[in-house]
Amino acid sequence: MEQTIKKLENIFKIVKKEKGKRENLNILEVEKDSLHAVLSYLRDNESFKHLALVSCVDWIEDNKFQLSYILWSYQRRVNLIIKIFIDRDKPEFKTIMNLFPQAEVYEREIKELYGVNFEGNPTQDEEFVLEDWDQIPPMRRDFDTLKYSNEMFGDRDSEVKKTNIRKIISDYTDEWRRK
Amino acid sequence: MDIKGILKPLTAWKRAFKPPHTIEVPNKVTREGAERYRGFHVNDMDKCIGCGTCAAICENEAIKMIPINDPDKGNSGYRPRIDYGRCCWCALCVDICPTGSLEMTNEYTWVRETGDEFIFTPGIDIIGHEDKKDKGFKKDDKLNFLHLERVPMRELDPKERTQTFAEAVLGYSEEEARAEAERCVGCGLCISGCPDRMHIPDYIRAIAEGNDQKSLNIIYENNPLPEMCGKVCTRRCEFECSLGHLGEPVAIRWLKRYVVEQFDDLKKYVDAKPEPLNGKKVGIIGAGPAGLTAAYYLRLKGYETEIFEAAPKAGGMTFLGIPKYRFPIPSLDKQVELIESVGVKINYNSPVDSKKFKKIYDKYDAVFIATGAPKGMSMRIDGEDHPKVLAAIDFLKTINLGGTVDIGKEVVVVGGGNVAIDAVRVSKRLGANSYIAYRRRVVDMPADEEEIEATEAEGIPIYTQIIPLRVEDGPKGKVKLIYGKAKMVQEKEGARPRPVLIEGKEYEYVVDSIIVAIGQRPDLDFIPEDIRNKLEMEKRIIKVDKRQMTNIDKVFAGGDLANWTADAISAIADGLRAVKGIELYLSSKK
Amino acid sequence: MKDNKYFLDDRPEKISYSEVWQKFFNWARAKSLWVVAYGTGCGSIEIPPMVTSRFDAERFGVSNVGTPRQADVLIISGYLAVKTLKRVIRVYEQMQSPKYVVGLGACTVNGGMYYDSYNTVNLVDQYVPIDVFVAGCMPRPEAILAGFAQLMKKIKEGRADGWKQYLDNLDKYRKNQEKVIKNWKIPNYNW
Numbered sequence: 001m002e003q004t005i006k007k008l009e010n011i012f013k014i015v016k017k018e019k020g021k022r023e024n025l026n027i028l029e030v031e032k033d034s035l036h037a038v039l040s041y042l043r044d045n046e047s048f049k050h051l052a053l054v055s056c057v058d059w060i061e062d063n064k065f066q067l068s069y070i071l072w073s074y075q076r077r078v079n080l081i082i083k084i085f086i087d088r089d090k091p092e093f094k095t096i097m098n099l100f101p102q103a104e105v106y107e108r109e110i111k112e113l114y115g116v117n118f119e120g121n122p123t124q125d126e127e128f129v130l131e132d133w134d135q136i137p138p139m140r141r142d143f144d145t146l147k148y149s150n151e152m153f154g155d156r157d158s159e160v161k162k163t164n165i166r167k168i169i170s171d172y173t174d175e176w177r178r179k
Numbered sequence: 001m002d003i004k005g006i007l008k009p010l011t012a013w014k015r016a017f018k019p020p021h022t023i024e025v026p027n028k029v030t031r032e033g034a035e036r037y038r039g040f041h042v043n044d045m046d047k048c049i050g051c052g053t054c055a056a057i058c059e060n061e062a063i064k065m066i067p068i069n070d071p072d073k074g075n076s077g078y079r080p081r082i083d084y085g086r087c088c089w090c091a092l093c094v095d096i097c098p099t100g101s102l103e104m105t106n107e108y109t110w111v112r113e114t115g116d117e118f119i120f121t122p123g124i125d126i127i128g129h130e131d132k133k134d135k136g137f138k139k140d141d142k143l144n145f146l147h148l149e150r151v152p153m154r155e156l157d158p159k160e161r162t163q164t165f166a167e168a169v170l171g172y173s174e175e176e177a178r179a180e181a182e183r184c185v186g187c188g189l190c191i192s193g194c195p196d197r198m199h200i201p202d203y204i205r206a207i208a209e210g211n212d213q214k215s216l217n218i219i220y221e222n223n224p225l226p227e228m229c230g231k232v233c234t235r236r237c238e239f240e241c242s243l244g245h246l247g248e249p250v251a252i253r254w255l256k257r258y259v260v261e262q263f264d265d266l267k268k269y270v271d272a273k274p275e276p277l278n279g280k281k282v283g284i285i286g287a288g289p290a291g292l293t294a295a296y297y298l299r300l301k302g303y304e305t306e307i308f309e310a311a312p313k314a315g316g317m318t319f320l321g322i323p324k325y326r327f328p329i330p331s332l333d334k335q336v337e338l339i340e341s342v343g344v345k346i347n348y349n350s351p352v353d354s355k356k357f358k359k360i361y362d363k364y365d366a367v368f369i370a371t372g373a374p375k376g377m378s379m380r381i382d383g384e385d386h387p388k389v390l391a392a393i394d395f396l397k398t399i400n401l402g403g404t405v406d407i408g409k410e411v412v413v414v415g416g417g418n419v420a421i422d423a424v425r426v427s428k429r430l431g432a433n434s435y436i437a438y439r440r441r442v443v444d445m446p447a448d449e450e451e452i453e454a455t456e457a458e459g460i461p462i463y464t465q466i467i468p469l470r471v472e473d474g475p476k477g478k479v480k481l482i483y484g485k486a487k488m489v490q491e492k493e494g495a496r497p498r499p500v501l502i503e504g505k506e507y508e509y510v511v512d513s514i515i516v517a518i519g520q521r522p523d524l525d526f527i528p529e530d531i532r533n534k535l536e537m538e539k540r541i542i543k544v545d546k547r548q549m550t551n552i553d554k555v556f557a558g559g560d561l562a563n564w565t566a567d568a569i570s571a572i573a574d575g576l577r578a579v580k581g582i583e584l585y586l587s588s589k590k
Numbered sequence: 001m002k003d004n005k006y007f008l009d010d011r012p013e014k015i016s017y018s019e020v021w022q023k024f025f026n027w028a029r030a031k032s033l034w035v036v037a038y039g040t041g042c043g044s045i046e047i048p049p050m051v052t053s054r055f056d057a058e059r060f061g062v063s064n065v066g067t068p069r070q071a072d073v074l075i076i077s078g079y080l081a082v083k084t085l086k087r088v089i090r091v092y093e094q095m096q097s098p099k100y101v102v103g104l105g106a107c108t109v110n111g112g113m114y115y116d117s118y119n120t121v122n123l124v125d126q127y128v129p130i131d132v133f134v135a136g137c138m139p140r141p142e143a144i145l146a147g148f149a150q151l152m153k154k155i156k157e158g159r160a161d162g163w164k165q166y167l168d169n170l171d172k173y174r175k176n177q178e179k180v181i182k183n184w185k186i187p188n189y190n191w
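Protein chains in written order, with my numbering: chain A, 1 to 179; chain B, 1 to 590; chain C, 1 to 191.
Only chain A is shown next, with the shape it has when bound in the complex (with noise of 0.2 Å):
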C-alpha cells in the first residue's frame, strides 16, 4: 500500500495522509480538481475497481463539505478513502459517473440529504428517500431535526418537560440569595 501511495504522491498532489483505524484502510485527502485523475489512476493502474461508497460529511464550522470516495480492491482486499472538501455556500462538483456509473445512485442521495449538486448527474434531482421535501436539506447540521420532529410529528409526552436536576436542587436549597 505505501508503494501506491508513493507512487500518487509522485504524479498527484496529496494534502493529507492518514491511517485508517484498521490495517487495511487508508485515508488520502486529494485537491478537488484531481479527483477524477486520481480515481480514474486508481481503477486503471491499481486495481481499485470497486467503488464501495460515497459519502458526505457537513463540517459546519468550517464551512466546508468532505465527499469521501471509498474504494476497495479485491486482488489487495485493501480500502482506500479518497477525501475532498468543497465551499459549503457553493455545494458543487462534478459528477463520478463517467468512471463509476454506480455513482449515480450514492450521488443522488447526497444531492437529497445535503443538498451538494452533482453536475453531469441525470437522475439526481428525483426523490430517494424522501417525499415531497420541502425544509433545507436534513443531514445539514443547521436543519434542527429534533425540533422538526416535534413540530411535524408530536410527541405524546409534550407536557412533561425535560428537567435538570441540578437547577431544582440550586434553586431549592438557594431560600433567596440568588434569585
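These are computed hints drawn from the structure, not numbers from a lab.
Quantities reported herein were computed from a predicted structural model and do not represent experimental measurements.
None of the hints are false.
If you anchor each label on the Cβ, the simulated ranges turn out as follows:
#1 A:44 <-> C:178: 50 to 56 Å
#2 B:264 <-> A:59: 36 to 42 Å
#3 C:94 <-> A:1: 51 to 57 Å
#4 A:57 <-> B:100: 37 to 43 Å
#5 A:31 <-> B:333: 55 to 61 Å
#6 B:100 <-> A:1: 48 to 54 Å
For each residue, glycine too, the CB sits at the ideal point set by N, CA and C.
Following the hints, complete the assembly by docking chains B and C onto the known chain A.
Below, chains B and C without anything else, positioned relative to chain A:
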C-alpha cells in the same frame, strides 16, 4: 421418470412420529426471560436519590424526572419516569445508576390498547412484574460505567510528618486531577450539602475539560477563599455525592485545591472587576472567612469596605486556629492579596473595643460583625483554673502566631472535634507524647473522618468514653486529670447515644498539661453595653434573620457568632448572605 | 381524481346487524385473523418465527396472506417513515372491514429511538387507528402472541372498533395524514 423425485417428499412422514417442534405459548408454556434479561424497569424508591443521571444518559429521552417528594439534602425528590414509547432497553440507565436503585426484571410482555398507557414511573405505578426483580438485568461489577474508586491523594509519611509543620497532604498532579474530575456524573446533589451552594459540577466539569482558569473563575463566583476551602473545608458536599452510595465520593475538596494551586498570582487570572464606588460605606469587624467574603463581594458591587482585625494577619480562625501543616501561610496570603487588590481595606492589629465600636457604628452605613467564637468553653469541673489547663484555641493561637507554649512531655487533649484533633497533632509535632480523651466513641466524634484516620496514622492514641471529673495537682509539678469511664446509653431510637458515668471507679491521667477542646463561644464584650443589652440572642450566639440582619438597625452578623455549624464554609455562606442583605438594606434606605 | 377508474371516492356503507348476529360474528372473527404480510420496520423480523413452526401462530387462526384484500389485521412492525406511511394508509384502506391494526414496538407508540428523526412519524395512531400496542424494541414473538391474544379478547368483547372510528373520524385522520404527507395524490378513500 424421476422415481427419486416422487419418493423424496414421502420422507417427511418420518416427522409424524416425533414430538412437535412448536412451543405452545402462551397456553401450555410460559417462557420466562433469561437470567439478566433486559425487561421492564423497577426502581427502589428508598434507595433512589433522584440524581437524574439515568435521564441524562438516555439517548432516546425516554426518561424524564418528575417531582414525587420534597427535596432534601442529597435527594432531589424527583424520580425517573420512563416512556416505553421511547425506550429501547439498552439498560444504560441501569448501568449508570449511582445508587443501584434502578434495575430490570426479566418480564417482557406489555400489551396495552392505547398508546398513553406506556408511560410509567417504576416504583410508584405497580404493574405486576416487581417480584421478578432478582432475575432481570443488574449492574455488572466488571463493566461499570462509574469509577467508584477515588484517585488516591499523596501524603507525607506519617512518621515523617510528626516531625515537621510542613503540609501533610501533597495535592493532586494535573493528571490525577483530570482523572478524578472525570469521575463526576454532574448531578449536582453535592450543592444541597454545601452551605455556600458553590457551583460544584460546573467547576469540576471545567477541570475535566482541562480549563483550569474557567474553573477558578467559577469557584470565585461565590467563594473568595477557595484555597482555604480546598485544604481544610469540612466538605459537606462530599457526603451528598451520588457516587458515595456505592463507592467513594468525588474528591471535591482536593479538586478545588488543585485548581487554586495552579495559579501563583490570582490577580492575573481571576476575573474580578470592582464596580465604581457608589458612596456607601460598610464597616466589617473581623477578617475571618465571613468578614473577608462580605468585604470582597460588597466591594465588587461598589461599596466601600473596611475591615478591622485584631490579629496581624487576616484569616481569622483559619489563620489562628488551623495548624500550618494543614493550611500554610503562603496559601492564605495569596488569597488575601487578591481580596485587598480589588480595594478592600484591612486594618491589622486594630482590636475593636466599645468606644471604637461606637465610632464605627456612627461612621458607616452598615456594620457587619464577624468576630467568630474565640473563647474556649470550660469543662465545668473542679480545679479547672489550674495553670496547667489550657484552652485549645489559645494554645493553637499562640503557636500560629509564632509563640511558644510550655506543654511539657505528656499532654492529654479533652474533646473530639476538629480543634481537639488539631491540638493533639500540634502537640505531637512539638515533641510531646499526646493523646485524646473523648467522652463518646470514635464513631461519634464530630471531627472529620480523614482527620481521625490521619491522627491514628501518626500514632496518636484516642481514648474514648472518658468523663473528666476534676483536676488536681500531681507530683513533681505535674497535673492530674481524674476521670470516670462512661457507658453509652441509647435513650431514644435514632438519637445519638449519650455517655453516662459509671459510678464508683475513678482513674487518673498524670500529665504535664491538659488541653481542653470542647467547643468555643463568641466574645461580645467589645459591643457597648447599651447595644449589647438590646441585641437579641439565641443561647450563646446572636440571632439573625435569613439576611444576616440582627434586631439592631444597621448591624449585621455572620460567621461562628451567628451560626451553630461553625465551620469556614458556612461562615463564607453567611458572608455572602450578608452581602445580599446589606445591599438590599442600603438600596432600600436611600 | 374522479376520472381514475381504480379508485372510489365514496365512503363504505355501514351495515348493522342484530346483537345476536354481532356476537356470533365477533366470535367468528376472533378465531380467524389473517395478517397482511407487510413489514415496515425492524419488527418484521420477529413475525416469521411467530407464524412458522416454532411458535406456530396458526394454532390461533393467525396466518399470513399476501394481499390486503384478504387480510383482517395489519401489523405495523416498527418505525414508519413518511414514505412508508403513505403505503400503509393505502394498504389499510384497501383492506376490507372489519380490520384491525397491531402496533409493534416503541416506535409506534412515541417514536422510539427515532424520536428526533426528520423522516419517521412518532404517533402512528394519529394516522391509522391502532387496536393493540405491544411494547418492546422489538417485542419477542411471545409478546406478539400475547398482543394477538389481547386483540382476540378485544374483538370478542366487541370493543375492537378502530375501523369504525376511522370511518367516523375520517376527516380528522385525513387532516393528520395530509399534514405530514405533502402533495396528497391519492383519492379520499380508496377501498
